[in-house]
Amino acid sequence: MTRLTAPAAAVLVVLIAVPWVADQYQTILLAYGLVMAIAALGFNLLLGYTGLLSFGHSAYFGVGAYAVAMMVKYLGVASMELHLVGAIAASVLVTAVFGIACVRYTRIFFSILTMALSQVLWSLAFKFFWVTGGTDGLRVPTPTLLGMVTDKGDKIAFLAHAYYYYVLAAFVLCVALMWVIVNSPFGRTLQAIRDNETRAQFIGISIWRYRWAAFMLSGVFTGLAGALWVPLNGLTTPDILHWQFSGKIVFMAVLGGFRTFVGPIVGAVVYNYLESYAVGYTVYWQLFLGVILVVLVLSLPTGIVGTAERVWARWWTPARPREEAR
Amino acid sequence: MDIALIHVFNALLYASVLFLIAGGLSLIYGVMRIVNLAHGNLYAFGAYVTAWLVGYLATSVAAGEASGGAPTWVLLALLPAGAFAAAAAGSLLEPTLLRPFYRRAEEYQLLVTFGLLMIIDDVIRFLWGPYPLSASVVFENFGSLTVGDTLYPTYNFLVIGVGALAAVFLWAFIYRTRFGVVLRATSQDMRMSQALGVNVNRVYVQAFTLGCFMAGLGGAIIVPSQSAVLGMGVDALILSFIVVVIGGLGSLEGALLGALIVGVVREAGITWFPEIELAVLYLMAAAVLLVRPAGLFGRAA
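Each protein sequence line maps, in turn, to chains A and B.
The numbering of the first sequence is the numbering used here, which starts it at -3 and goes up by one.
The numbering of the second sequence is the numbering used here, which starts it at 112 and goes up by one.
For the record, the hints were derived by calculation from the structure and aren't laboratory data.
Virtual Cβ for every residue (Gly too), placed ideally from N, Cα, C.
Take the hints with a grain of salt, since some may be wrong.
[As the list claims (entries may be wrong)] Pulled a few chain B residues facing chain A out of the computed Cβ check, cut under 7 Å:
id	residue
1	G226
2	D232
3	D233
4	V248
5	E386
6	L389
7	M395
8	A396
9	L400
10	V402
Given the sequences, and given the hints that come with them, work out the whole structure.
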């Protein structure tokens, strides 16, 4: 913990300074990255800590986003805080139901089942256009933050300043909360289940119940990210419910390194830059990202953070006295 | 009555193509325990190759002779080109990209094929551009048959026939040939068959190539009646997922039954409940997974 406090504080200072030094485009791009980091962080509670690969996290991201869009369209709610509460409630509901079905399985069957269920939501959003707007999606105007109208006509300035800090605060809260979760007895139990299911069962752990709780927590983090994503994008479309979006979230976690706590955060931010710039430069951005993914899993399976840790350890361990290294 | 018959034909049409794609996916999973997310793209690849060849020949010969293009039998003989192209791609991909992953966790296998999906998607876009490619000449040249009082395209019967033939050939191939015995042995116990002298690496390449050939054939025979479009691979992948989940991953009988079920439900869905047609299919897959995770014909995992 102490080893990480100083770097974490430094990163936080940099993140706070961004709107003052970087231009609006860069700030908004980073806000997207932070939102995706929350989603990837939630996703990794399942992959990294519980050992379950979900290929259906687009469902919870989409539920969060559509919950906000529906609240705006049908209830006329403008307050971002109420949006977040609504999104959390909706994702608790959906993950609770999906979770009961999914956590009975592990490995490939878990992946396919999560994918099939997310596709159910996608096809509903796609086909019930009179409710969801179909492929046109639902437009969402700028919300009020903490009860104040902070958007004074200039939406870009709002997103690059007030809303950026709103996202940053949510991000810091989520990271802190996730840190507490994975280091709590609950988090340790999940890791025990991941490492050896049979032994965990032998010492009296109700595996099913723990996996279900992890599934819900994971989905709620991702749902929250979906809700925070809506004002940035201004529009929800069925794309975010499609299983290929789930693939992106998996990509982020693996890019950063899903065996570490910060891996998914780094992966999400880096992926966001990669995709934005690749899309800007070429229509063949998928090819570019696909090659990166294949090379990554072939040669650097521990991701950016895992690889950096290894390089760091190789450089620094010999310099230390032996006792300290232990 | 005629309408009912048309519905049955349409359901069989879907089922034939789906059986080809999903059968390949299932075969690959059965033998090497890999779920190939790029499988749908190989189907798309087959469709594009065939559409490109047929379209090219039909127009270039037409320009030369002004006689309406190459004769239909030439174009028909060219249809399988897509299947062979997909098979060739498969025989290159398995040893280079998939082989390093058999010993590693399933996460990585899924991820590498997901990366492959993105790559092939863009390779297709690079080679043939963003516009649909059509091979409708073949479809039109076949004309239509009278079914009762209505007309039905003759070409569709050809597709159904190819699907049925493929099922028969595949069954004979796997249950009645020496290669089939080796294939089944490897799928049941890879180490034991290796100990008995089977060259597992070779069996894997052959199985993967055969699976890709089936996907490519599916694309090649459907492309005259639909066009080859970007994104067709991902759509097909999801549908064939439903098929193999219902039938049982790794089982060819399952793929056949699953394809028939999905074909019938799709046809019924498009006619009577278009809004929830896809949702019903996914829910069916989820329900089967919950009741019988290994599928209707699957072995326990």
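Hint by hint, which ones does the structure fall short of?
-> 4, 7, 10
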